[in-house]
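Mapping of the sequence shown onto this note's numbering: position 79 corresponds to residue 79, and the numbering continues sequentially without gaps.
It is possible that some hints are incorrect.
[Stated by the list, open to error] What follows is a list of derived Cβ distance ranges for each label pair: (1) Tyr-69 <-> Arg-130: 14 to 24 angstroms; (2) Arg-68 <-> Gln-103: 42 to 52 angstroms; (3) Glu-245 <-> Ala-218: 33 to 43 angstroms; (4) Ser-173 <-> Gly-60: 24 to 34 angstroms; (5) Arg-152 <-> Gly-249: 18 to 28 angstroms; (6) Asp-91 <-> Arg-54: 24 to 34 angstroms; (7) Asn-234 <-> Ala-97: 18 to 28 angstroms.
Just so you know, these hints were derived from the structure itself, not from any lab. Positions of the beta carbon are idealized from the N, C-alpha and C atoms, including for glycine.
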Amino acid sequence: MPDEPRDVHTDADADLVAGREPPSTRQPLDRARIVAAAISYIDEFGLPGLSMRRLGGMLGVEAMSLYRYVPGRENLLDAVVGSVLDEMAVDEEVLDAPRDGWQDFLQRLAHGVRRVALAHPRAFPLVASRPTEAPWLRPPLRSLDTVETFLRGLIEEGFTDDAAVAAYRAFTSFLLGHLLLEVSTYGADVGPLDVIDDAEPRNERPLDHPTVQRLSAALGEDHAATEFEEALENLLDRIALVQSESAPGGVAGPDRG
Numbered sequence: 001m002p003d004e005p006r007d008v009h010t011d012a013d014a015d016l017v018a019g020r021e022p023p024s025t026r027q028p029l030d031r032a033r034i035v036a037a038a039i040s041y042i043d044e045f046g047l048p049g050l051s052m053r054r055l056g057g058m059l060g061v062e063a064m065s066l067y068r069y070v071p072g073r074e075n076l077l078d079a080v081v082g083s084v085l086d087e088m089a090v091d092e093e094v095l096d097a098p099r100d101g102w103q104d105f106l107q108r109l110a111h112g113v114r115r116v117a118l119a120h121p122r123a124f125p126l127v128a129s130r131p132t133e134a135p136w137l138r139p140p141l142r143s144l145d146t147v148e149t150f151l152r153g154l155i156e157e158g159f160t161d162d163a164a165v166a167a168y169r170a171f172t173s174f175l176l177g178h179l180l181l182e183v184s185t186y187g188a189d190v191g192p193l194d195v196i197d198d199a200e201p202r203n204e205r206p207l208d209h210p211t212v213q214r215l216s217a218a219l220g221e222d223h224a225a226t227e228f229e230e231a232l233e234n235l236l237d238r239i240a241l242v243q244s245e246s247a248p249g250g251v252a253g254p255d256r257g
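Working from the sequences, and respecting the hints, build out all of it.
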């Protein structure tokens, strides 16, 4: 899988991500610097090769020096997830509360999560795999602060408790499924299918799959940004239906009048 980013000039989220400089290494050793270095390593080389020894080498210190700030690799990976998701806290497009309605609120949040995924595609699968702060939290909205903001914002917009919870479940399922698929195209390790021996012969029998062969060029086209927007719009329509059905005097289906 090539490391070079794809042509994303029409992708607003990717355009915002582009040009971000790596964290400075000219700082005293502390936990924040160690975590930033770990993210940089994963961004460049992927997760499997990350070790305390290699991380120490990046920082110019012995691996044992890191344990003063990071107890071990598992703690480090949890810190990586927290730091990656904390980037949304400084994303000016992501709101703490609805300002122009709940749909705008959720659209901004969805794009904020996607920008994080595009900025750190090889680290993003950790968001799905690391233990959450509570067993009922669902990635990628996996921190208590983020979930509190999400639920409170919808309830302030007239959602019932049940409707807000249903929206959270649908929203997280949409985001995680779409974004894990998207980051896999950037070389992220999202499962055992990514572990392939380069010396193993590939299936090159196009006559056995004529339709796939005929459509191979179209199948290889990148429409991630458009697909994200369309799926997000469909999701918001579903959430609006859930809201209307759960509200006092709610109708059984969308108003077609």
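Q) Checked against the structure, which of the hints given earlier come out wrong? A) 4
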